[in-house]
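Below are the chains, spelled out letter by letter.
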Amino acid sequence: MPSALALRPAHAPACSAADPPPARPDADEWTDAAVLAGTTAIADGALKAAAAAIDGGTYPLDIMARLGAAGALGVHLDRFGARFGLAVAAMQAASRSCGATGFLMWCHDVCGLYLEQSGNPALSGAVLDDHAAGRTFGGTALSNPMKAFAGIEPILLRARRVPGGYRVSGMLPWVSHIGPGQYCGAIAGVTGAGDTISHEIMFRLDCDRAELKPCPHFSGMEGTSTWGVRLDDVFVGQDDIIADPARPFIGRIRGAFILLQCGMGLGVAEGSLDDMLAVEEALGHVNQYLDDRPETIAAELAELRARVMRLAETPYDGAPDYLIDVLDARAQVSELALRASQSALLHQGARGYLMSAAPQRRIREAHFVAIVTPAIKHLRREMARLSQEILPTGSLQGGRP
Amino acid sequence: MSLLEPTDGLGPWNQFLCRACGLIYDEGEGDPDSGLPPGTRFADIPEDWACPICGVTKSDFEPYQRRAPVAPASIPAAPQRRAGVVIVGGGISGWSVAEAIRAENATIPITLVTACDGSLYHKPELSVALGRGLSPDALRRETGVTAAARLGVRLMADTVAVGLSPERHSLRTTRGTLRYTHLVLAHGARPALPSSLDPALCWRVNDLAAWSGLHDELARGPRTVAVIGAGMVGCEMAEDLARAGHAVTLLGAATLPLPDLLPEPAARRLLAGLQGVGVRYQGDSLVRGLSRRPDGGLTITLADGTSLAAATVIAATGLAAPSRLVRSAGLAFDHGIAVDPTTLRTSGPDIFALGDCISIEGRPCRFIEPIGRQAAVIAHTILGRVHPGYAHAAPVIRLKTRSAPIALHGAPVAGSPWHVVEESEHRLAMEQRHDGAVTAWLAA
Ligand SMILES: Cc1cc2nc3c(=O)[nH]c(=O)nc-3n(C[C@H](O)[C@H](O)[C@H](O)COP(=O)(O)OP(=O)(O)OC[C@H]3O[C@@H](n4cnc5c(N)ncnc54)[C@H](O)[C@@H]3O)c2cc1C
Ligand SMILES: Cc1cc2nc3c(=O)[nH]c(=O)nc-3n(C[C@H](O)[C@H](O)[C@H](O)COP(=O)(O)OP(=O)(O)OC[C@H]3O[C@@H](n4cnc5c(N)ncnc54)[C@H](O)[C@@H]3O)c2cc1C
Chain A
0 MPSALALRPA
10 HAPACSAADP
20 PPARPDADEW
30 TDAAVLAGTT
40 AIADGALKAA
50 AAAIDGGTYP
60 LDIMARLGAA
70 GALGVHLDRF
80 GARFGLAVAA
90 MQAASRSCGA
100 TGFLMWCHDV
110 CGLYLEQSGN
120 PALSGAVLDD
130 HAAGRTFGGT
140 ALSNPMKAFA
150 GIEPILLRAR
160 RVPGGYRVSG
170 MLPWVSHIGP
180 GQYCGAIAGV
190 TGAGDTISHE
200 IMFRLDCDRA
210 ELKPCPHFSG
220 MEGTSTWGVR
230 LDDVFVGQDD
240 IIADPARPFI
250 GRIRGAFILL
260 QCGMGLGVAE
270 GSLDDMLAVE
280 EALGHVNQYL
290 DDRPETIAAE
300 LAELRARVMR
310 LAETPYDGAP
320 DYLIDVLDAR
330 AQVSELALRA
340 SQSALLHQGA
350 RGYLMSAAPQ
360 RRIREAHFVA
370 IVTPAIKHLR
380 REMARLSQEI
390 LPTGSLQGGR
400 P
Chain B
0 MSLLEPTDGL
10 GPWNQFLCRA
20 CGLIYDEGEG
30 DPDSGLPPGT
40 RFADIPEDWA
50 CPICGVTKSD
60 FEPYQRRAPV
70 APASIPAAPQ
80 RRAGVVIVGG
90 GISGWSVAEA
100 IRAENATIPI
110 TLVTACDGSL
120 YHKPELSVAL
130 GRGLSPDALR
140 RETGVTAAAR
150 LGVRLMADTV
160 AVGLSPERHS
170 LRTTRGTLRY
180 THLVLAHGAR
190 PALPSSLDPA
200 LCWRVNDLAA
210 WSGLHDELAR
220 GPRTVAVIGA
230 GMVGCEMAED
240 LARAGHAVTL
250 LGAATLPLPD
260 LLPEPAARRL
270 LAGLQGVGVR
280 YQGDSLVRGL
290 SRRPDGGLTI
300 TLADGTSLAA
310 ATVIAATGLA
320 APSRLVRSAG
330 LAFDHGIAVD
340 PTTLRTSGPD
350 IFALGDCISI
360 EGRPCRFIEP
370 IGRQAAVIAH
380 TILGRVHPGY
390 AHAAPVIRLK
400 TRSAPIALHG
410 APVAGSPWHV
420 VEESEHRLAM
430 EQRHDGAVTA
440 WLAA
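Chains as they are written, first to last, in numbering that gives the first Met the number 0: chain A, 0 to 400; chain B, 0 to 443.
Hint data in this document are derived by calculation from the structure and do not stem from the laboratory. Accuracy of the hints is not assured; some may be wrong.
Below, computed lysine-lysine pairings styled on BS3-like, alpha-carbon distance capped at 27 Å [what the hints assert, rightly or not]:
| hint | chain 1 | residue 1 | chain 2 | residue 2 |
| --- | --- | --- | --- | --- |
| 1 | A | K376 | A | K146 |
| 2 | B | K57 | B | K399 |
| 3 | A | K212 | A | K146 |
| 4 | B | K57 | A | K146 |
| 5 | B | K57 | A | K212 |
With the sequences and hints as input, model every part of the structure.
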């Protein structure tokens, strides 16, 4: 089995941090090798240098633009060959340097997925072209609806039907990769008479039409431009509808949505492995007494990555067994990132505990990987639910004998 | 905890839950950081107040009733430092392995992971219990918790094994990842339901929990029940339901029940027995669909276009071993987890399997009798004791249809001829021969 390091692409010539993003990236140039090389160059150069600043609050839109130009934000789309494995690999490469940026890539990737899969010409034309190439930016506000669909919490946005569309109100906490001039995919419950929800709609929310409220400080990932979003009777017309009803749409993209997240955790784990290896020469004589040594982490990372890559070949497989495989891989990615980052700090000791050091940052990144929806607990709950035998219920009131 | 007692005559302080982040606003405590002194009633909070954690406003709060605190379940304090044996499945197979190991060794750590509650019960009773008026409690011989304490086993109930990494000896479950020195797969088989049958509309009887649901539904008095599938479980259930007073139709795909197992004269006796207790047998019936009528009853549609009404439907259409767990771990699977016929080792290192989930030479064998012998072999191997190994032999099959009991010995081959040895009003004996030797015989 190749080691995790061996799976990495050969290094391409690094472009300097000063390179401006090309005005019009040519999609034909987005070959697998070019995308990976371009992403790795950005990750190992400008992104690595900026990681501490991003952790503390710098929103790296410039770097996101360059990742977009390199193809790292578009290759999972059908129009570019639905290369999910490549999208995960690119996210891994970036997250190896900076977990927060890996998360931004995921937010951006799934937003692109919504726009394309919507089949709405108003969203899947020029709007998507700009998004896929990183010329415009948008995220995803699906944490609450995803949990609502799994029966964990009530849905927070409410829509009312009006001529020509809907009017939506409500408040969402914690939506990342948004800001003035940006957008995100969101879901609202359509209320009818008596405040009951008939179904849900999914739509593109233009952030300029909502109020963005600053969030309290997080312990890390501060550069993810995360806001509370308040909607006050915002009109949503046909041009912004991603899916109506939303549930079948979500059912179709759920596997792809969750699978893509694996790139983040794989990258954080791989970065942690780098941190361990960096001190092996100097500290190996004492580090040999630790659990989760580099070779252990590397072996698990390689196996898990190979499994994720296999799953990435069929992202729209609708079978429950496939979905459980995806949930299982995503949960293991979280567990591995937690263990690897913890071990990296123990390997580095005090130097890793410095506020400027990568290991302490990666620990907080790994914690984020493990708590962002779907969190480890949500994944396990959902796997338990999907594994259950479906049996008749409610037939008690049913029928004459 | 509020220090202040309410004096405004509006009753005790109330709590409100933020639906977005779970923060609880307690009127007695207020939110001093946002200028709400202790004792501020929710109704008196200004509309522009925001949740101090996530920033949503007042309208996203809802009245909150404190849940009764859940006492942490007491679990054995002994920390599981050594990985030990992990068993997946709390059916007869899983518990038999735990018993067999403990009979020889009192200290090796054992963890039993099971998707059900781990209750011990004798599954064959499920197809005779309604007629005897037994309740779920009467069928449960011991709770999982009691058995675990008796055997010194760490029980992880309501826990599903979801992933397996053989090289690292690690098993992923819905309650965390476990390391093992040896893994025993005993997760059984699951009902195989034709895609034309909606699982939410028909019962399958393959475990105590499902049987208990069926039992509850039938407890309200006699009903019309349709049993789809005239295999062993279908025939036994049909008779049991009839004995319990229900109006039963048994739907079989062939002209006679149990066509794969029984020669025609034996199947005729079985049919007569079933009819004698009131079962209506409808042969040559392939089910196409199942739906609920507006009045709550169910309609079964058949391939010939006719249909049938029933209040309760039970599907007994066979079992299949689930393959996802072992296949995604790269273990060999062939109609069941492929095991070595003498050691019961799977193709993965230190992984064994037994019971309903395995196949030997591509053939499953889903009966009680082999399980005890399989468990003993696995326990001995894990403990490093010598053992002659498992020798597979087809178990005697006894159909528990009291109206027409049938016993089948040897290895019957479907399609090869049966010879009548004895036939009288009270007894039928037949046998199959191969190269002059008797290979199977039956008594009905
Ligand atoms: C830095 C950061 C960025 C984020 N970015 C995004 C983003 O871009 N998009 C996005 O959609 N989300 C985002 N999130 C949200 C994130 O995905 C999770 O949804 C969030 O962390 C909350 O999930 P949880 O697992 O903590 O909720 P859980 O612990 O699973 O709680 C679920 C729900 O249970 C309910 N609850 C809690 N306590 C009780 C109780 N006592 N009684 C009854 N009910 C209760 C609450 O309604 C709660 O919301 C972000 C979070 C962070 C920290
Ligand atoms: C109605 C009926 C009547 C029968 N009558 C007879 C008879 O008369 N004579 C006879 O010899 N045989 C009979 N059988 C067959 C016999 O009962 C079975 O062969 C035997 O009980 C199988 O036991 P097992 O432990 O291998 O599987 P099961 O009893 O199916 O146990 C499997 C266990 O694994 C758990 N599990 C499943 N998946 C997972 C997972 N992913 N993670 C964790 N846990 C999991 C389940 O919750 C369960 O506890 C009958 C069967 C039925 C259904």
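- In ascending order, which of the hints set out earlier in this document are inconsistent with the structure? 2
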